[in-house]
Amino acid sequence: MTALLEMRNITKTFPGVKALDNVTLSVREGEIHAICGENGAGKSTLMKVLSGVYPHGSYDGQIIYDGQPASFAGIRDSEDRGIIIIHQELALVPLLTIAENIFLGNERATRGVIDWPVTFQQTETLLAKVGLRETPGTRVDSLGVGKQQLVEIAKALSKNVRLLILDEPTAALSESDSQALLDLLLELKGQGVTSIIISHKLNEVRRVADSVTVIRDGATISSIDARGGDLTEDRIVRDMVGRDMASRYPERDRRAGDVVFELRNWNVWHPEHADRQVIRDLSMSVRAGEVVGIAGLMGAGRTELAMSIFGRSYGRNISGQALMHGKPVDVSTVDRAIKARMAYVTEDRKTLGLILEETIRRNTVLANFEAVATRGVIEENRETEVAERYRKALRIRTPSVFQKVMNLSGGNQQKVVLAKWLFTDPDLLILDEPTRGIDVGAKYEIYNIINELSAAGKAVIMISSEMPELLGMCDRIHVMNEGRFVGELSAAEASQQAIMSLIVRE
Amino acid sequence: MEQTDRAPGTSIGAYITKHIREYGLLFALIAIMAFFQVVTGGVLLKPVNITNLFLQNSYIIIMALGMLLVIVGGNIDLSVGSVMGFIGALAAVMIVSWDMPVLIAGAICLVAGMVIGGVQGYFVAYWKIPSFIVTLAGMLVFRGLSLWLLAGQSIGPFPSSFQSLSTGFIPDLFGVGRPNGLALAVGAVSVGLIVWTGLRARARNTRYGIEDEPWALFLLRNGIVAVALLFVTWKLAWFRGLPNVLLSMVVLTVIYVFITERTIIGRRVYAVGGNAKAAKLSGIRTERLTFLTFVNMGFLAALAGLVFAARLNTATPKAGFAVELDVIAAVFIGGASMAGGAGKIVGAVVGAFIMGVMNNGMSIMGIGIDYQQVIKGLVLLAAVFFDVYNKNKEA
Numbered sequence: 001m002t003a004l005l006e007m008r009n010i011t012k013t014f015p016g017v018k019a020l021d022n023v024t025l026s027v028r029e030g031e032i033h034a035i036c037g038e039n040g041a042g043k044s045t046l047m048k049v050l051s052g053v054y055p056h057g058s059y060d061g062q063i064i065y066d067g068q069p070a071s072f073a074g075i076r077d078s079e080d081r082g083i084i085i086i087h088q089e090l091a092l093v094p095l096l097t098i099a100e101n102i103f104l105g106n107e108r109a110t111r112g113v114i115d116w117p118v119t120f121q122q123t124e125t126l127l128a129k130v131g132l133r134e135t136p137g138t139r140v141d142s143l144g145v146g147k148q149q150l151v152e153i154a155k156a157l158s159k160n161v162r163l164l165i166l167d168e169p170t171a172a173l174s175e176s177d178s179q180a181l182l183d184l185l186l187e188l189k190g191q192g193v194t195s196i197i198i199s200h201k202l203n204e205v206r207r208v209a210d211s212v213t214v215i216r217d218g219a220t221i222s223s224i225d226a227r228g229g230d231l232t233e234d235r236i237v238r239d240m241v242g243r244d245m246a247s248r249y250p251e252r253d254r255r256a257g258d259v260v261f262e263l264r265n266w267n268v269w270h271p272e273h274a275d276r277q278v279i280r281d282l283s284m285s286v287r288a289g290e291v292v293g294i295a296g297l298m299g300a301g302r303t304e305l306a307m308s309i310f311g312r313s314y315g316r317n318i319s320g321q322a323l324m325h326g327k328p329v330d331v332s333t334v335d336r337a338i339k340a341r342m343a344y345v346t347e348d349r350k351t352l353g354l355i356l357e358e359t360i361r362r363n364t365v366l367a368n369f370e371a372v373a374t375r376g377v378i379e380e381n382r383e384t385e386v387a388e389r390y391r392k393a394l395r396i397r398t399p400s401v402f403q404k405v406m407n408l409s410g411g412n413q414q415k416v417v418l419a420k421w422l423f424t425d426p427d428l429l430i431l432d433e434p435t436r437g438i439d440v441g442a443k444y445e446i447y448n449i450i451n452e453l454s455a456a457g458k459a460v461i462m463i464s465s466e467m468p469e470l471l472g473m474c475d476r477i478h479v480m481n482e483g484r485f486v487g488e489l490s491a492a493e494a495s496q497q498a499i500m501s502l503i504v505r506e
Numbered sequence: 507m508e509q510t511d512r513a514p515g516t517s518i519g520a521y522i523t524k525h526i527r528e529y530g531l532l533f534a535l536i537a538i539m540a541f542f543q544v545v546t547g548g549v550l551l552k553p554v555n556i557t558n559l560f561l562q563n564s565y566i567i568i569m570a571l572g573m574l575l576v577i578v579g580g581n582i583d584l585s586v587g588s589v590m591g592f593i594g595a596l597a598a599v600m601i602v603s604w605d606m607p608v609l610i611a612g613a614i615c616l617v618a619g620m621v622i623g624g625v626q627g628y629f630v631a632y633w634k635i636p637s638f639i640v641t642l643a644g645m646l647v648f649r650g651l652s653l654w655l656l657a658g659q660s661i662g663p664f665p666s667s668f669q670s671l672s673t674g675f676i677p678d679l680f681g682v683g684r685p686n687g688l689a690l691a692v693g694a695v696s697v698g699l700i701v702w703t704g705l706r707a708r709a710r711n712t713r714y715g716i717e718d719e720p721w722a723l724f725l726l727r728n729g730i731v732a733v734a735l736l737f738v739t740w741k742l743a744w745f746r747g748l749p750n751v752l753l754s755m756v757v758l759t760v761i762y763v764f765i766t767e768r769t770i771i772g773r774r775v776y777a778v779g780g781n782a783k784a785a786k787l788s789g790i791r792t793e794r795l796t797f798l799t800f801v802n803m804g805f806l807a808a809l810a811g812l813v814f815a816a817r818l819n820t821a822t823p824k825a826g827f828a829v830e831l832d833v834i835a836a837v838f839i840g841g842a843s844m845a846g847g848a849g850k851i852v853g854a855v856v857g858a859f860i861m862g863v864m865n866n867g868m869s870i871m872g873i874g875i876d877y878q879q880v881i882k883g884l885v886l887l888a889a890v891f892f893d894v895y896n897k898n899k900e901a
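Quick mapping for you: the protein sequence lines, in order, are chains A and B. Position 202 of the first sequence, counting from 1, maps to 202 under the numbering used here, and the rest follow consecutively. Position 34 of the second sequence, counting from 1, maps to 540 under the numbering used here, and the rest follow consecutively.
To be clear, the hints were calculated from the coordinates, so they are not data collected in a lab. Hints are supplied without guarantee of correctness; some may be wrong.
Unchecked claim - Quick list of simulated restraints, FRET-style, between CB atoms:
| no. | chain 1 | residue 1 | chain 2 | residue 2 | range |
| --- | --- | --- | --- | --- | --- |
| 1 | A | A371 | B | V880 | 25 to 33 Å |
| 2 | A | K327 | B | L642 | 48 to 56 Å |
| 3 | B | I730 | A | D60 | 55 to 63 Å |
| 4 | B | I635 | A | K327 | 33 to 41 Å |
| 5 | A | L90 | B | N728 | 56 to 64 Å |
| 6 | B | I614 | A | E452 | 42 to 50 Å |
| 7 | B | G872 | A | I75 | 54 to 62 Å |
| 8 | B | F680 | A | K392 | 51 to 59 Å |
Positions of the beta carbon are idealized from the N, C-alpha and C atoms, including for glycine.
When you get a sec, could you build the whole thing from the sequences and use the hints?
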């Protein structure tokens, strides 16, 4: 069989970061090709290069599609050639019907007037193809995620797809929906559709993939032909994680004190889908001076766990008990959680952590105005002194604390968020992806800050998708999957293989 | 890393470009006043007309103070015109028809305004209904209720004690008469205060190394403000002195500047408007704060209603009609951001004056209400366009 797609030596650079470094990918006509890699390995970037989201010219390297060099200027170009990408977050309009969604932007119409009979007829044919038993007039928001996924595929088929790309297609699906989707992929393969699936679930990869490409740190690590029989989960896991982690993490005295924080039988349900349990009967504890990691893939429920603890900022029907220093505490609102001496450094600093339009000074005192005010009136001198103190302590690089935080680099913004929480003098810090999107040097500084905090007797929970970071920083690591802890590893027994195995073998 | 942010020297030109919005607003007001002064043949700045300018626009300025907080908090209030009319009607019924003492009736009116604002704020803050819809409903409800309260008639006149709320003048403590010694003294003292606080802030900023405006600009800006203030008080002194309503406006403005810039609650409103999620995750009770901005708005709308009724000396079913548009326009001309999180009290007040001077000047010129609306609309569009244009250029 010949190659339908060849991506040769693709290199894509963002300011300061090489996201893809000489990546090579070869997909044969009529196969299902799996791409595996950790979060942030560069899988999505590669697919964006392929589909023209990053247009020709914004990357180096060559794409050969269907025997000819391709230079897509945008998604439309790649779609015209039959390359359709289905993203992890579905791109359907919930209030429109299935038929309207399938032909959105591609309407069956004459001179601008939609031909409804033809639209419905073709929709029915497509729905039959993907095995979805719904009428074309059904509104998309009344469908479950699994069925919506099928609508997306039907939409792809309506555009005469030759190469179908699915980004984590089963991440949000139940077991039976996942099976149905994988069966459909195999069926489409029988009809000559080539697919690329990006997936973390290695059992699924093994079931449907004809070949696998593993990407790590923006580079192709291996291309494995499944038909040769040398595809094992161990092999993939090894390729996904094997990297050196020498001296990227500062040394720390590991001395655990008394238990600071304890969580007992914590249960959380999804805020909109009342029947979906997001966190299942979790219990954990953190000691003073301890850094406890939570590992898991996206969607495992890590952020949801943190936010549900911190003032019930996520979920509903939350049950369970939170204790600080052995006493139950009320964490039902954020200000009560702060009073209980908890702090939560959010995953997404720009939308959840900072007021971008405001100055460093104002963001620093945001969670603890009272400490710089007398009877409700802010004393600006005290406020400035506080901001200056944290600027120096955390080495925030800025001309002055009167700069707007939007002008800072990611690493310095993250330090401002940390400053905000340190100023509330917490005993427990929950750090959610504390180094996401910041450069290596800044990461090292953040690690140093974390170590200083634990040395000062704070209890730290660290959520991260970067396993080396957890391994380098934590005393213990809980491995989380589908709302549960599926294992706990001490610093000594933890390795990337061990973590990955716990996740993928679930 | 981001050292590039350091201001490239503090040349006057660079500083003005960076703060083009604030200076632009001040110069726009001056330009508009100069324009109308010329085309009205000097009528605009006659003592009697300056007094009128304050009387005519007082209720807009009072409401702009509350509207600024509502808009900074990320909401809008379309009902303020109707609420203002309704409260005026309520006051007329209580004072004129029922012979209630003015003070008690006034207090009831202010509380009623807060309750009205509270009810609307409750739906916006705790039920997350868009403020546009809640207050659109409020606009219709209170328009209807004032019609019902007045039974379609005008009610008046008010006793003189009530009228003095708006049309009264502060007696000249120095007993000079004409020119009014108190007015002159107040003018001189406020100039002194403004320059003194400006200098103090400057000294403090220099101590903390904030790049500040060049001396020349500082002097020019304060010079313009001082001259304008002295000029206005001088003119007022040659008419009947300081109107009561001017005093309440100034006091309210100072209070709200203080609240927005120096108090926890004020700064939290900016935080909520700037990023509600981040504010909430920082322990700020965002719902309560939103609720309070509406209670405050209701209070000021009620106060405006009293001032307005006192000035007309009657409550009419048409009072407050379309006033919300002038108030909202004033706030946006003053540089507030539609998305919330940014905007200044002083900007809103200057914006209100710009609208007021245009209304007044065009009326003196005898321009029809039709053209007046067109011109005001274009000025609003131009002001906001100017904002957006500058933002795009920055980015």
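So, going through the hints one by one against the coordinates:
no.: 1; hint: A:A371 - B:V880: 25 to 33 Å; result: violated, 52 Å
no.: 2; hint: A:K327 - B:L642: 48 to 56 Å; result: holds, 49 Å
no.: 3; hint: B:I730 - A:D60: 55 to 63 Å; result: holds, 57 Å
no.: 4; hint: B:I635 - A:K327: 33 to 41 Å; result: holds, 39 Å
no.: 5; hint: A:L90 - B:N728: 56 to 64 Å; result: holds, 58 Å
no.: 6; hint: B:I614 - A:E452: 42 to 50 Å; result: violated, 59 Å
no.: 7; hint: B:G872 - A:I75: 54 to 62 Å; result: holds, 59 Å
no.: 8; hint: B:F680 - A:K392: 51 to 59 Å; result: holds, 54 Å
In this structure, the earlier hints numbered 1, 6 are contradicted, and the remaining ones agree with it.
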